[in-house]
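A.B. asks: Note that the protein sequences, when read in sequence, are chains A and B.
Using UniProt numbering, read the first sequence as starting at 1 and increasing by one per residue.
Using UniProt numbering, read the second sequence as starting at 1 and increasing by one per residue.
A portion of the hints provided could be inaccurate.
When chains are identical, the list treats them as one kind, so a pair holds in a single copy or across two.
Claimed, not checked - Only pairs whose alpha carbons sit at most 30 Å apart, straight line, appear in this in silico DSSO-like list of lysine-lysine: (1) K7 x K69; (2) K54 x K83; (3) K290 x K152; (4) K127 x K7; (5) K7 x K83; (6) K20 x K114; (7) K199 x K37; (8) K69 x K83; (9) K119 x K69; (10) K37 x K83; (11) K49 x K127; (12) K290 x K114; (13) K83 x K119; (14) K69 x K37; (15) K49 x K152; (16) K7 x K290.
What the hints contain is simulated information worked out from the structure, not anything from laboratory work.
Protein chains: 2
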Amino acid sequence: MRTRQLKSFIVLAEELHFGKAAERLHMQQPPLSRQIKALENELEVMLFKRNNRKVELTEEGAFFLQEAKAIITRLTAAQHTLKAMGNGEAGTLRIGFVDSSITERFVITMGRFKDQYPKVIIELEEKVSVEQVAAIGEGSLHIGFIRTQLAKTHELSHINVINEPYIIALANNHPMAEQETVSVYELAKEPLIFFPHRKNPGFYNWVLNGFAQYDLMPKFGFEVERDQAAEMFVAGGFGYTLLPSTSCRMGRRGLTYKRIQEPFLDLRISMAWNPAHECPLVNNFIDVFKQQAG
Amino acid sequence: MRTRQLKSFIVLAEELHFGKAAERLHMQQPPLSRQIKALENELEVMLFKRNNRKVELTEEGAFFLQEAKAIITRLTAAQHTLKAMGNGEAGTLRIGFVDSSITERFVITMGRFKDQYPKVIIELEEKVSVEQVAAIGEGSLHIGFIRTQLAKTHELSHINVINEPYIIALANNHPMAEQETVSVYELAKEPLIFFPHRKNPGFYNWVLNGFAQYDLMPKFGFEVERDQAAEMFVAGGFGYTLLPSTSCRMGRRGLTYKRIQEPFLDLRISMAWNPAHECPLVNNFIDVFKQQAG
DNA sequence: CAGAATGATGCGATTTAGGTATTATTATGC
DNA sequence: GCATAATAATACCTAAATCGCATCATTCTG
Numbered sequence: 001m002r003t004r005q006l007k008s009f010i011v012l013a014e015e016l017h018f019g020k021a022a023e024r025l026h027m028q029q030p031p032l033s034r035q036i037k038a039l040e041n042e043l044e045v046m047l048f049k050r051n052n053r054k055v056e057l058t059e060e061g062a063f064f065l066q067e068a069k070a071i072i073t074r075l076t077a078a079q080h081t082l083k084a085m086g087n088g089e090a091g092t093l094r095i096g097f098v099d100s101s102i103t104e105r106f107v108i109t110m111g112r113f114k115d116q117y118p119k120v121i122i123e124l125e126e127k128v129s130v131e132q133v134a135a136i137g138e139g140s141l142h143i144g145f146i147r148t149q150l151a152k153t154h155e156l157s158h159i160n161v162i163n164e165p166y167i168i169a170l171a172n173n174h175p176m177a178e179q180e181t182v183s184v185y186e187l188a189k190e191p192l193i194f195f196p197h198r199k200n201p202g203f204y205n206w207v208l209n210g211f212a213q214y215d216l217m218p219k220f221g222f223e224v225e226r227d228q229a230a231e232m233f234v235a236g237g238f239g240y241t242l243l244p245s246t247s248c249r250m251g252r253r254g255l256t257y258k259r260i261q262e263p264f265l266d267l268r269i270s271m272a273w274n275p276a277h278e279c280p281l282v283n284n285f286i287d288v289f290k291q292q293a294g
Numbered sequence: 001m002r003t004r005q006l007k008s009f010i011v012l013a014e015e016l017h018f019g020k021a022a023e024r025l026h027m028q029q030p031p032l033s034r035q036i037k038a039l040e041n042e043l044e045v046m047l048f049k050r051n052n053r054k055v056e057l058t059e060e061g062a063f064f065l066q067e068a069k070a071i072i073t074r075l076t077a078a079q080h081t082l083k084a085m086g087n088g089e090a091g092t093l094r095i096g097f098v099d100s101s102i103t104e105r106f107v108i109t110m111g112r113f114k115d116q117y118p119k120v121i122i123e124l125e126e127k128v129s130v131e132q133v134a135a136i137g138e139g140s141l142h143i144g145f146i147r148t149q150l151a152k153t154h155e156l157s158h159i160n161v162i163n164e165p166y167i168i169a170l171a172n173n174h175p176m177a178e179q180e181t182v183s184v185y186e187l188a189k190e191p192l193i194f195f196p197h198r199k200n201p202g203f204y205n206w207v208l209n210g211f212a213q214y215d216l217m218p219k220f221g222f223e224v225e226r227d228q229a230a231e232m233f234v235a236g237g238f239g240y241t242l243l244p245s246t247s248c249r250m251g252r253r254g255l256t257y258k259r260i261q262e263p264f265l266d267l268r269i270s271m272a273w274n275p276a277h278e279c280p281l282v283n284n285f286i287d288v289f290k291q292q293a294g
């Protein structure tokens with residue numbers, strides 16, 4: 001059976017006239033007759049009751065008309081969706097991220113993309129960077145927002161999207177709050193309000209390494225699970241905490257933010273994707289992301 | 001596009017191997033390759049990512065797989081329904097009836113038919129006999145239960161389904177309740193509890209004719225709209241009413257049923273259908289009806 | 001009864017689809 | 001690292017299907 005036959009059948013059912021239907025189908029009348037006949041043979045059912053002067057649908061024909069219309073409609077819709085997928089206007093975009101990549105810009109980009117490509121479904125997954133890189137390589141993730149610095153020769157393409165120093169938050173009435181900047185040597189003497197090692201070992205060790213560059217060890221104060229709790233303890237004067245510099249835009253009353261005098265730790269987030277996969281969705285997302293930058 | 005291509009696509013999507021898929025499709029591998037290629041060309045989309053060793057669905061392919069399955073499923077279901085319609089096991093059966101044709105047997109037959117052919121939809125329409133005959137002739141009604149006596153040479157086939165005399169109902173304590181039968185001459189002197197002329201003029205006049213055979217006129221008592229009301233008046237001793245003889249099977253307490261001495265009025269219901277239409281639904285219905293008779 | 005309308009049929013040319021044999025490429029094993 | 005097996009694509013041929021044109025057959029109309 002051919003879709004053309006179904007289309008012919010639908011047109012003929014509307015016209016109830018072989019000649020006129022054939023005209024609408026840009027074909028001659030005899031092949032249309034044979035097409036319908038072939039369809040009827042295949043279905044083993046007469047779809048039209050016809051003598052040499054009149055054509056009308058049989059009961060079976062009336063039923064099959066509904067079905068044929070439904071089928072053709074669905075097929076046509078599917079073809080349109082496929083075309084949209086080819087343009088990156090439909091489909092599912094899977095994006096990975098690490099916790100610290102969720103910035104204002106990230107959220108705004110998501111919103112813009114959703115506005116511009118409303119038919120695209122975005123699936124967001126939080127994953128550590130190495131897992132994201134593996135997932136992008138094998139294709140189960142389209143795009144990743146990762147901490148890992150990829151080599152320029154890496155099989156994945158990437159661009160830096162965040163590159164900013166970590167700064168510290170202090171209580172307003174803290175003695176160091178008077179200074180312009182704070183030295184790591186001073187910091188090491190002050191209690192660090194931090195999260196427990198088990199929560200994010202990679203980041204935890206990375207901070208330790210930051211101190212270790214200067215042969216220092218942080219002095220640990222309270223361990224808290226959530227950022228908000230950390231800010232409360234800092235505001236209470238129990239020590240300091242670390243955060244990416246742009247996070248202080250949404251600064252809290254009672255806290256002061258200070259840069260660290262020496263080069264210390266930088267938050268570097270890259271957006272990575274697999275150029276080998278040639279996915280229009282990805283290209284569109286990157287475009288929207290870059291627009292947002294400008 | 002051919003349905004065969006969709007089926008091939010579905011099988012290949014399941015096997016992800018041209019050779020095995022071709023085997024399942026009872027064809028060779030090269031034509032399957034070409035079929036898929038042709039489908040991809042028509043859709044202007046690659047459905048499979050494949051090198052010479054591996055076959056896997058693209059995102060577009062995964063989407064189209066769902067659609068193709070839905071389409072083929074629907075088409076297959078439609079074909080089955082068409083086949084069932086050809087056997088008279090599916091479709092819509094339109095049956096006309098007149099009020100007095102609704103007997104126990106009628107209802108039981110409907111139930112049997114519905115049990116035996118659960119996929120058939122029965123549409124019942126109350127219509128006077130002449131309209132039913134016209135509707136059956138033009139095909140808008142499959143079967144009619146009519147009062148009209150059709151000639152044997154009539155274009156519609158028919159069988160008698162009810163042929164029974166009208167009898168009368170009387171109050172138990174009515175003087176005539178003692179007699180074996182009642183004469184029309186006696187009846188004409190007794191008030192007839194009847195429905196108003198406007199409710200069913202044909203039947204009303206037919207009853208008048210019954211009396212007119214004997215140069216009589218009924219003596220009209222109360223006019224009531226419903227049978228139940230008539231029975232109440234009869235039980236109250238206000239006169240008699242007419243009813244088909246088998247209706248007294250469901251007789252009411254307080255009422256006595258008497259045959260009429262002279263030939264008077266007979267209820268004759270025929271079941272009529274159009275043999276020219278050759279509808280398996282109709283044949284099946286007639287079969288069930290005849291079974292019920294035996 | 002003649003003619004117009006209309007669906008079916010016959011026929012030849014073209015296109016399409018399937019089968020077989022072969023090729024090209026890639027993964028695997030020694 | 002090379003030979004071999006596996007596997008999808010391609011070439012080529014044959015068979016089938018489809019189309020357009022011409023014609024036929026039937027039926028409705030005046």
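A.B. asks: Run every hint past the structure and note whether it holds.
C.D. replies: Going down the list of hints, with the structure as the test:
In this homomeric assembly, K7 and K69 come within 30 Å of each other (Cα to Cα) both inside a single copy, at 8 Å, and across copies, at 19 Å. Taking the shortest Cα distances, K54 and K83 sit within 30 Å of each other only across copies (25 Å), while inside one copy they are farther apart (41 Å). Within a single copy, K290 and K152 get their C-alpha atoms as close as 19 Å, which meets the 30 Å cut-off; across copies the closest is 87 Å, which misses it. In this assembly of identical chains, K127 and K7 lie within 30 Å of each other by CA distance neither inside one copy nor across copies; the values are 49 Å within and 39 Å between.
Taking the closest pair of Cα atoms, K7 and K83 come within 30 Å of each other both inside a single copy (21 Å) and across two copies (21 Å). Proximity of K20 and K114 under a CA criterion of 30 Å is satisfied in neither setting, with 46 Å inside one chain copy and 41 Å between copies. Neither within a single protomer nor between protomers do K199 and K37 lie at most 30 Å apart by alpha-carbon distance, with minima of 71 Å and 51 Å respectively. Taking the shortest Cα distances, K69 and K83 sit within 30 Å of each other both inside one copy (21 Å) and across copies (19 Å).
Proximity of K119 to K69 under the C-alpha cut-off of 30 Å is found in both arrangements, the shortest distances being 24 Å within a copy and 22 Å between copies. For the identical chains of this complex, K37 and K83 are inter-copy neighbours only, at 17 Å across copies versus 33 Å inside a copy, given an alpha-carbon limit of 30 Å. In this homomeric assembly, K49 and K127 come within 30 Å of each other (Cα to Cα) only across copies, at 27 Å, whereas the closest approach inside a single copy is 64 Å. Taking the shortest Cα distances, K290 and K114 sit within 30 Å of each other inside one copy (15 Å), while across copies they are farther apart (67 Å).
Proximity of K83 and K119 under a CA criterion of 30 Å is satisfied intra-copy only: 12 Å inside one chain copy versus 40 Å between copies. Taking CA atoms no more than 30 Å apart as the test, K69 paired with K37 passes in both settings, with 19 Å inside one copy and 26 Å between copies. Taking identical chains as interchangeable, the C-alpha atoms of K49 and K152 lie at most 30 Å apart only when they sit on different chains, with a minimum of 27 Å there against 72 Å within one chain. Within a single copy, K7 and K290 get their C-alpha atoms no closer than 45 Å, and across copies no closer than 43 Å, so neither meets the 30 Å cut-off.
The earlier numbered hints that this structure contradicts are 4, 6, 7 and 16.
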